[in-house]
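2 protein chains.
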Amino acid sequence: MNRLFHVPLSPFCRKVRLVMGEKRLEVELVEERYWEQDPDFLRRNPAAKVPVLKMDGKMMAESSAICEYLEEQYPDPALMPRDADGRYEVRRLVAWFDDKFHHEVTAKLLYERVNRKLMGTGYPDSSNVKAGAKAIKYHLDYMHWLLDHRRWLAGDVMSLADFAAAAHLSALDYISDVDWNRSAVVKDWYATIKSRPAFRAILADQVPGFPPPAHYADLDF
Amino acid sequence: MNRLFHVPLSPFCRKVRLVMGEKRLEVELVEERYWEQDPDFLRRNPAAKVPVLKMDGKMMAESSAICEYLEEQYPDPALMPRDADGRYEVRRLVAWFDDKFHHEVTAKLLYERVNRKLMGTGYPDSSNVKAGAKAIKYHLDYMHWLLDHRRWLAGDVMSLADFAAAAHLSALDYISDVDWNRSAVVKDWYATIKSRPAFRAILADQVPGFPPPAHYADLDF
Chain L
0 MNRLFHVPLS PFCRKVRLVM GEKRLEVELV EERYWEQDPD FLRRNPAAKV PVLKMDGKMM
60 AESSAICEYL EEQYPDPALM PRDADGRYEV RRLVAWFDDK FHHEVTAKLL YERVNRKLMG
120 TGYPDSSNVK AGAKAIKYHL DYMHWLLDHR RWLAGDVMSL ADFAAAAHLS ALDYISDVDW
180 NRSAVVKDWY ATIKSRPAFR AILADQVPGF PPPAHYADLD F
Chain E
0 MNRLFHVPLS PFCRKVRLVM GEKRLEVELV EERYWEQDPD FLRRNPAAKV PVLKMDGKMM
60 AESSAICEYL EEQYPDPALM PRDADGRYEV RRLVAWFDDK FHHEVTAKLL YERVNRKLMG
120 TGYPDSSNVK AGAKAIKYHL DYMHWLLDHR RWLAGDVMSL ADFAAAAHLS ALDYISDVDW
180 NRSAVVKDWY ATIKSRPAFR AILADQVPGF PPPAHYADLD F
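So the sequences go chain by chain: L and E.
For what it's worth, numbering that gives the first Met the number 0 labels the leading residue of the first sequence as 0, then goes sequentially.
For what it's worth, numbering that gives the first Met the number 0 labels the leading residue of the second sequence as 0, then goes sequentially.
None of these hints come from the bench; they were simulated from the model.
Keep in mind that the hints are not guaranteed to be accurate.
Just so you know, same-sequence chains aren't split out, so a pair can sit in one copy or run between any two.
As the list claims (entries may be wrong) - Cross-link-like lysine-lysine pairs, in silico, PhoX-like; alpha carbons within 25 angstroms at most:
(1) LYS136 - LYS53
(2) LYS116 - LYS99
(3) LYS57 - LYS99
(4) LYS133 - LYS22
(5) LYS22 - LYS53
(6) LYS99 - LYS53
(7) LYS129 - LYS53
Treat the numbers as computed from the prediction; the structure is a model and nothing was measured.
Next comes chain L alone, as it looks inside the complex (with noise of 0.2 angstroms):
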């Protein structure tokens, strides 16, 4: 059986767990305080941190080598293009997502309001918070602009940068911090990939002291 060690706000678990149940791939979930350095832990990633999937008989880390890797050994459903043009852009936007957006918005959203009372290292830094709320507008406005041309966010076809987006967007939605009346097009876009059958898990995610808005799991937010 396939196990992910996972956080259910993890942006880059919750991207592995879309991307698995796309492909329809079984994966017992097993959450990993990972901060608390439990060394068995530790032995299973060097790196320690999440995702963590046990696949294969192999550990595999790093969220984006684990989603190429199951976009290769199980390509059906195809989550890439197949032109190199096409894979480009792809990942390009999976970086800007996993990289950029991660350290302007979520990092200074959802870190600083939930993982920080988890980890126990204290109060939201405000600075962070306000910082963080000014450039997810940015954000959502450049989403926008490529969705307002483009039927997914990489192209004509649904692939990894999609779930990448739809990974930090749903986790910074169950904190309630995407005003979604920012731009019907991104909204729609949140719609459609939020009915997706593999989003069904993330949406029933629960984290104990921070109980989601109705609006999270609604497919008609």
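Using the hints, position chain E against chain L.
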């Protein structure tokens, strides 16, 4: 003509330069002081960072997406194994160096000592420099462990992982922040990769105000 917007000591730019050099792709280098936020540059690249590669009529950003594109479009010589397991390991290690090593070492040594002065953002933060100097030892030990039972970092063939690692280490070596006496196998690995023709331009780099030490360009260091 291909054109790379870069800064000389950026490990992400160096990785692209090394990969293009290995594949014998000519490229004109244009130094881009991206932190000055020139509007022309921002138009070329909304992520506002380097490298940006102008190639095949496109503007490309995100070093890992660029390297995967180069590998797909110019597969000779191959810098990725053909099997999914091997490719996973290359991507895991590229992410290790570009994410973890970058965050724990490069940002804490190179960016404190050099980028702050170039960008005019004050003096190095000594606690960061101290943390970086401590972390690089652990990373060199991890490389030692990998290279002790592998010919190259990700396995038996030279790959993008070696160039990602060499890009970071070469930039740190420019400011004498790598203790080559820590591991003979790591030093041998670097000596081999340093002697490749693709490395020549990297070894000729000069940053005004920061003359490199004599051993930097010496193949017998």
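(message) Regarding LYS136 and LYS53, is the shortest C-alpha distance of 25 angstroms or less found within a copy, between copies, in both, or in neither?
(response) neither (37 angstroms within a copy, 29 angstroms between copies)
(message) For LYS57 and LYS99, with the copy left unspecified, which applies at a CA distance of at most 25 angstroms: within, between, both, or neither?
(response) between (30 angstroms within a copy, 21 angstroms between copies)
(request) Pop the pair LYS99 and LYS53 into one bin, within, between, both or neither, using alpha-carbon distances up to 25 angstroms. (result) between (28 angstroms within a copy, 21 angstroms between copies)
(request) Evaluate LYS22 and LYS53 at a C-alpha cut-off of 25 angstroms and name the case that applies: within, between, both or neither. (result) Cα proximity of LYS22 and LYS53: one copy only (16 angstroms, versus 35 angstroms across).
(request) Check LYS129 against LYS53 for me: Cα-Cα at most 25 angstroms, and say if that holds within a copy, between copies, both or neither. (result) neither (38 angstroms within a copy, 35 angstroms between copies)
(message) Regarding LYS116 and LYS99, is the shortest C-alpha distance of 25 angstroms or less found within a copy, between copies, in both, or in neither?
(response) Intra 24 angstroms, inter 24 angstroms, cutoff 25 angstroms: intra and inter.
(request) Check LYS133 against LYS22 for me: Cα-Cα at most 25 angstroms, and say if that holds within a copy, between copies, both or neither. (result) Intra 35 angstroms, inter 42 angstroms, cutoff 25 angstroms: neither.
Comparing the model with each numbered hint stated earlier shows that hints 1, 4, 7 do not hold.
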